[in-house]
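Full structure from sequences and hints, please.
Protein chains in written order, with my numbering: chain R, 1 to 331; chain U, 1 to 331; chain B, 1 to 331; chain H, 1 to 331; chain S, 1 to 331; chain Y, 1 to 331.
Just so you know, the hints here were simulated from the structure itself, not pulled from any lab data. Keep in mind it's a predicted model, so treat the numbers as computed, not measured. Hints may be right or wrong, so weigh each one.
In this list, chains with the same sequence are indistinguishable; a pair is considered to hold if it fits within one copy or across any two.
[Said to hold, decoys possible] Here are the computed lysine to aspartate or glutamate pairs in the DMTMM-like style, where the Cα-Cα straight-line distance is at most 25 Å:
1) Lys102 / Glu84
2) Lys123 / Glu318
3) Lys286 / Asp261
4) Lys102 / Glu143
5) Lys3 / Asp121
6) Lys102 / Asp192
7) Lys124 / Glu84
8) Lys328 / Glu61
9) Lys102 / Asp261
10) Lys227 / Asp261
11) Lys124 / Asp267
12) Lys3 / Asp76
Protein chains: 6
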Amino acid sequence: MSKRIITLGEVMMRLSTPGHERFIQTHYYEVQFGGAEANVAASLAYWGESVAHICAFPDHEIGRAAVRYLRSSGIDTSYVYFGEGRMGIYFFENGAMHRSSKIIYDRFGSAFSQFDCDQVDWKKVFEGADWFHWTGITPAISEPAARLCLEAIKAAHQLGVTVSGDINYRRNLWQYGKTPVDVMPGLIQYTDVIIAGLTDFANCMNIHDEDFVRACERAKAQFPQIKFISTTHREALSSTHNKLSGVLWNGEALIQGPTFDMPNIVDRVGGGDAFMAGLIHGLLNKPDKEALTFALAASVLKHSISGDANFVTLQEVEQLVTGENVGKLLR
Amino acid sequence: MSKRIITLGEVMMRLSTPGHERFIQTHYYEVQFGGAEANVAASLAYWGESVAHICAFPDHEIGRAAVRYLRSSGIDTSYVYFGEGRMGIYFFENGAMHRSSKIIYDRFGSAFSQFDCDQVDWKKVFEGADWFHWTGITPAISEPAARLCLEAIKAAHQLGVTVSGDINYRRNLWQYGKTPVDVMPGLIQYTDVIIAGLTDFANCMNIHDEDFVRACERAKAQFPQIKFISTTHREALSSTHNKLSGVLWNGEALIQGPTFDMPNIVDRVGGGDAFMAGLIHGLLNKPDKEALTFALAASVLKHSISGDANFVTLQEVEQLVTGENVGKLLR
Amino acid sequence: MSKRIITLGEVMMRLSTPGHERFIQTHYYEVQFGGAEANVAASLAYWGESVAHICAFPDHEIGRAAVRYLRSSGIDTSYVYFGEGRMGIYFFENGAMHRSSKIIYDRFGSAFSQFDCDQVDWKKVFEGADWFHWTGITPAISEPAARLCLEAIKAAHQLGVTVSGDINYRRNLWQYGKTPVDVMPGLIQYTDVIIAGLTDFANCMNIHDEDFVRACERAKAQFPQIKFISTTHREALSSTHNKLSGVLWNGEALIQGPTFDMPNIVDRVGGGDAFMAGLIHGLLNKPDKEALTFALAASVLKHSISGDANFVTLQEVEQLVTGENVGKLLR
Amino acid sequence: MSKRIITLGEVMMRLSTPGHERFIQTHYYEVQFGGAEANVAASLAYWGESVAHICAFPDHEIGRAAVRYLRSSGIDTSYVYFGEGRMGIYFFENGAMHRSSKIIYDRFGSAFSQFDCDQVDWKKVFEGADWFHWTGITPAISEPAARLCLEAIKAAHQLGVTVSGDINYRRNLWQYGKTPVDVMPGLIQYTDVIIAGLTDFANCMNIHDEDFVRACERAKAQFPQIKFISTTHREALSSTHNKLSGVLWNGEALIQGPTFDMPNIVDRVGGGDAFMAGLIHGLLNKPDKEALTFALAASVLKHSISGDANFVTLQEVEQLVTGENVGKLLR
Amino acid sequence: MSKRIITLGEVMMRLSTPGHERFIQTHYYEVQFGGAEANVAASLAYWGESVAHICAFPDHEIGRAAVRYLRSSGIDTSYVYFGEGRMGIYFFENGAMHRSSKIIYDRFGSAFSQFDCDQVDWKKVFEGADWFHWTGITPAISEPAARLCLEAIKAAHQLGVTVSGDINYRRNLWQYGKTPVDVMPGLIQYTDVIIAGLTDFANCMNIHDEDFVRACERAKAQFPQIKFISTTHREALSSTHNKLSGVLWNGEALIQGPTFDMPNIVDRVGGGDAFMAGLIHGLLNKPDKEALTFALAASVLKHSISGDANFVTLQEVEQLVTGENVGKLLR
Amino acid sequence: MSKRIITLGEVMMRLSTPGHERFIQTHYYEVQFGGAEANVAASLAYWGESVAHICAFPDHEIGRAAVRYLRSSGIDTSYVYFGEGRMGIYFFENGAMHRSSKIIYDRFGSAFSQFDCDQVDWKKVFEGADWFHWTGITPAISEPAARLCLEAIKAAHQLGVTVSGDINYRRNLWQYGKTPVDVMPGLIQYTDVIIAGLTDFANCMNIHDEDFVRACERAKAQFPQIKFISTTHREALSSTHNKLSGVLWNGEALIQGPTFDMPNIVDRVGGGDAFMAGLIHGLLNKPDKEALTFALAASVLKHSISGDANFVTLQEVEQLVTGENVGKLLR
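This is the structure in structure tokens:
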């Protein structure tokens, strides 16, 4: 039976140069849509879960095109709102060799950032829900977005829904007068599953520790609701060649996942979101260690696909885990 | 000998759907750059004049791509500044048949709108200049932009440069607390050549008159600096089929230009700017009546070209005036 | 409040050559999805109705891509089934000038044609439904498709749902051993709103009459359930220039709609389906004469849009009816 | 039974800007191949005739790509030679509205212009041939090309093959020291069917006469071999809208063909060659008047197709003559 | 002197997503044509051999487009037939990294599968022929195709033509009621050169042996006509990185070819067919060991080219064998 | 403060097949412009230097499009001339794996090759200049080009401008009757910085020596003006994988630069020019060893960018030198 999962976060228009063209030389942009949380939603919906995404768009055709994208992904758009403000945009230039990939964000003043959460009926949103997912991007955007995120987390928690949060500290956001340590602890306290690396611990929980397990234990001590903390490790040999690994701390032990070699990367954007979706799927359906491996394999496959969303089936992820059919020509 | 012409105004990234695709269905956007005043600059530079354009961009690769466009057009970019703020964008959907064309502006918060004109050395800008051109879009954008426009006009006027202004009233702009009648008269008083229709007279000069000549005379009475007032008349039978005409009032008489039938329009954006450029070229080089005809012919040819800029030669405009080589296959 | 509308019919992959390229010279095909009934569904969903579409696809990624299209259009895909058989395809070459447009169908053996309707829970399908729409293409495809169509119509009728049918006689189909006159009367008898021209009367109802009103009266006599009969008239001056008109017989009088001139057609495929959607919307919301005008205007706008689906808003259709904003540049 | 037709002439790479883009703004060129005589060959081969084309290319992959094009068109390439020299190129910009279409030729120094005809075994070439076609472009290119053309015509004539020549005077060619009146009469004297307008008569036969019939009679007097003289008349209302008509003088009378109105032209290049192919087909298979009408209809349809070649079937041309199926959607 | 080679097999339309896009996300398909045997034919024709291909297409423009492709490749299409049935299609999605490439076949009901071989004049087909090539795909398609294959092989054998067969067992075909062991031995008995791996031996010759040489010897014992048996070995490290090797058994010894490392694969489809063409060329022109090396090098180069066909010259293959000019920028 | 740098050399239209397509299979060409010396100019202008480029084009729109390119790159085009002759073209096919990249030059008869340097006012050109750069391609093109190159070098030298020359011996040029040893010594004698490998020493300076340092010393002995000699070493493992290193001899010692591994090359054309630009920038701003490293890093980054020009910032080059941010996703 499919699970009911609720996600919340801004969806931007992604404008990417074709191939490896630089911003300076491009003559057109490919249009896609994406956002950290909606990418998680798209993965889970592709795997058959019943997913609804909460966000807001400007009330014009480009806003509606974003809704079309969410719908096409099988995401329930009952909680997509239209309001004042612009469409958040991010411009993407895909690096190659030693040359880094680049994102230029153009998201300030978006409809999402101005969305007033008082119009949301949280009871209805979370009715029958099994899981709620948020990221640290939302509270970093604006005061209203931070309030939206807090209200959602609180409601989910009160209604017994498992809550996951990808801390995802972004220095360039947080421009509305609050700092992460002002805001994030209030959100983390209701969260069951956390994605956080050492930087996130430091910046968002004020936990400064070089040892990941000790940092986890200190986080747990501070936020007893936490059940799992996970993070990935990416080694970037070049824009085209990375290695990916990850760990999962389950309150008892640190599980080390396998390391995947990733030459010939097609598009790394959304790799972390693919991991998150894989972890949610895994924790809902598998033992901890398998959950982590599944999440890493899902993330690896994302790197072979252009765009934010991870168009891979459960079977494809499972086959990468077992090594079956990898690199074949399937007829 | 080529003339020295200075233009001022925001340059936006133009993102247009391919062919006649709607925003809702497009998978990519074609990238161009344009803006009313820069379109005038591009026309005049293409015709061999020495043109410099004043504007501001964000200091990232997309801002620099806009500069590349201006340079490619042969425009002197010595007075292009980089600063805080985003890149103004406009999304364009080309209509067809009965279906209208659509522009979604996304220009609030641009680097241009925040540009502080104190850093401009106006003496240097207008050294050797013959003409300065502005439009009513700039004072409508923001307080700093209105101030920039006023400073430029005053400096040009004081330095003996002929000033033209396309009044171009846009209801959706003017959101910073001022109204056109607060601001525009202060700009028009130093302007020699005006593009204005009855709506512009009403909204920007508070001259409410159904008779164009009388409106011109009232404007002249109020703003004695004015020497020419011109406007075009477009009859839109459909998105693909328009008729274009125009008039020029030279303080003595109203000159009526020819009417051009325009079936099979390729792209009408920038048609007015092509007229403006034609009028500047005409008034600098021809008797009044020929200037008007030249301006209309230049505008007509713009409708056959995709993008904001009017890539037609002086010879092509002249040949449309005389009817030579129209619709041929030139080998 | 939005209406609940159910549609049924095959959705094919549409592979069209770019621009006006011929099949013989193309190097790529644009991919879209469409089908007469799903086109009606897409229009109605775009206008805010709650629409579910019944069909079947092969259980592979291309079948799933078709589902993505339906979902993106806001269509409820709860009654989309997966089964044996291939994906129906149609290849489209857009004519120009005197040269006709061409469709090569490649739909035999499709999953839809083999779909076994016993798995459908009709009570659930039509729960809360206001309208059911079918066309004469479905019973022409195969024995199972004809049975599916009949079962759906009967169920809708029994559950008090208004039924519309676009007779749409296609000579090249009907290859499974039955003729239209064997099958169609059994479907028409439960149908309230019929789209039929003289050829349809003759081939599908065995009513041979040169007078449309008399044909309608004879049809009504034979099938008392019929409340409305409508048809459009298209005059093809060339592939690029048509005229469109239509009539609506409401049991009492023949209402003649306006004639629209349509030069510079972009894509005429789906024009009839846009009319059908307009008529359903019109009959649900307007007096008969206005319903017909609305339907014709909706169809006219479809001709300005590439693809099967009619991406126009209610407001755009209404404005074409009143002549407002036609052929403008809307900012 | 198909006829054996031999054609001779340079085939160039055609590089055209997409849509209506100007040379100055294009980012890519579409690649096709064409040339007046090969266009005739492609039409006739498409209609089922057995056609061989004589020409020469540089011995590299782009030369071989040209051969691939000829082969794809069903043209026998046994008499395609490889040798010193470059690939002739022509750049094409498709006009729109009042703006003319433009060709920039870049053909000097081509392999064809340097081809030494001594290596051709004319007996073998014309074995079983029914028709030979040349144009006035070949003798205008270079000394060796003029000699090639003369040798071919003489051989064809001696072997009893019907010879047609499209005089096609091009002022920009003829740069190798000879004038048309030096060269052309020597070629025309062996030619049975001539395409020539008044300019061609004047420049190539030194026949200066304003009356077409009288010019034909004077030509016949001078070159008794001539049996037919034909020419088309094109009225260019705009780049997008032409009218086309034509006449055929058969030694006895002047036959006036119908006038076709051609709005919404897609691509006029090759229109004359399509007429020529139609005339050859017509004269081989039909009475004179029908031959002319067929040729005009073939030319009209060419205007709906992008590229040099006329991808229309015999049936499509016949249907345009009778008006059947024009502008329909054929399923 | 070029050899005369006859090939037989279905040619499908290949519709591939651009770049590495998945079926689920593509907006267009690139059109090519290909089929195992026609790919062999295209290679050999590109190398200057005289090649004719036997197949059948539906009698519409898409069928004719396939013929254009064969002709462009320099293949004699005298034995291409038109008949009832559809165009076989295969959809191709190019994998990347760990993600496999995918083919969705849509070939049932094709004109080729229904082709009645009684209309072929085998004497004429094989007149002057040196070699005939077939694959195990043809007898797997349908009863008529199996009969066509048998008739061709028998005729070739009787007329003294060397016969090669690529066994190429495909589990998803063979749906018409026969099994490979019913049919294949009857074809293999007249075949001189066989491509077969252990799976092919087992499924098509009922020879179950883990040792390749012993399997060859058993095959030779059963089918004494066999002179050569060859197979390739591909190690798929990922979709983008394979290693390729191969062996040739000549009745006396097993020759082991070199192993080529293939990182950065562009398109592996047709790699086996490129090997086959290389082997035919090699066996006709070189000692056995060199023939095998040539075939492997040809196959390796195919992986650098998009599409089914191997557009590499003899010289390029020879240079890969010697290592000359590999990876250079040739000016 | 930016430096004033003058460059001289032909700019060609670059027509490249998309992706890794071969010439034989392409349907369109991407249009760019480039030439060895203009590529150097574009790099230096991108880094903020004041650069003027001397060259000549045909006086038509394609020539003017080339000027647009130069202008867009921020290059001063005051010394671009228009004259008789064609546009030089080069066709580029990007290799992959073992398959080499290919350039077909089509540059004979260009406007540049016929340019008469008497019209150049060298005093004005070199006023305020710090550096002049030429390559051995210019004197190889034609007599007038060789004279142009000599005049420029002499003038620069006399006016105290540092002169650099990339010897760049190309066997396929030099077809106008002179040999490199006739011409090159006369140019090298006024040159301060030389790029030359052993082949260049041999062919252009008649210095045959296997030892690079000894060759440098012999060159210095012969041409005392020389201060630096540099060359790069490229190891081509495949078209997609190269290694790059280089050396700089400064009259005293041979400095060995680092070796960069370059898998996943996007486009290697212009790699040498990027090195040259880096070396000029380096020698003007850094110690010798750092100059060499900077030049190599600049060249490496060029391989990640499509087209001739090296669109990388100074900061990006510096970061590659230090290893910072390599292969990251920069937000």
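Okay, the hints, checked on the actual structure:
1. Lys102 / Glu84: The answer is between: 19 Å across copies meets 25 Å, while 29 Å in one copy does not.
2. Lys123 / Glu318: This pair counts as neither: shortest intra-copy Cα distance 35 Å, inter-copy 38 Å.
3. Lys286 / Asp261: within (24 Å within a copy, 38 Å between copies)
4. Lys102 / Glu143: Neither, since 27 Å and 33 Å both go past 25 Å.
5. Lys3 / Asp121: So Lys3 and Asp121 pass the 25 Å test inside a copy (21 Å) and across (24 Å) alike.
6. Lys102 / Asp192: neither (32 Å within a copy, 39 Å between copies)
7. Lys124 / Glu84: For Lys124 and Glu84, the Cα distance is within 25 Å only inside one copy (24 Å; across copies 39 Å).
8. Lys328 / Glu61: Between copies, since 17 Å is at most 25 Å while 41 Å is not.
9. Lys102 / Asp261: both (22 Å within a copy, 22 Å between copies)
10. Lys227 / Asp261: Neither: 29 Å inside a chain and 44 Å across chains, both beyond 25 Å.
11. Lys124 / Asp267: neither (37 Å within a copy, 43 Å between copies)
12. Lys3 / Asp76: So Lys3 and Asp76 pass the 25 Å test inside a copy (13 Å) and across (19 Å) alike.
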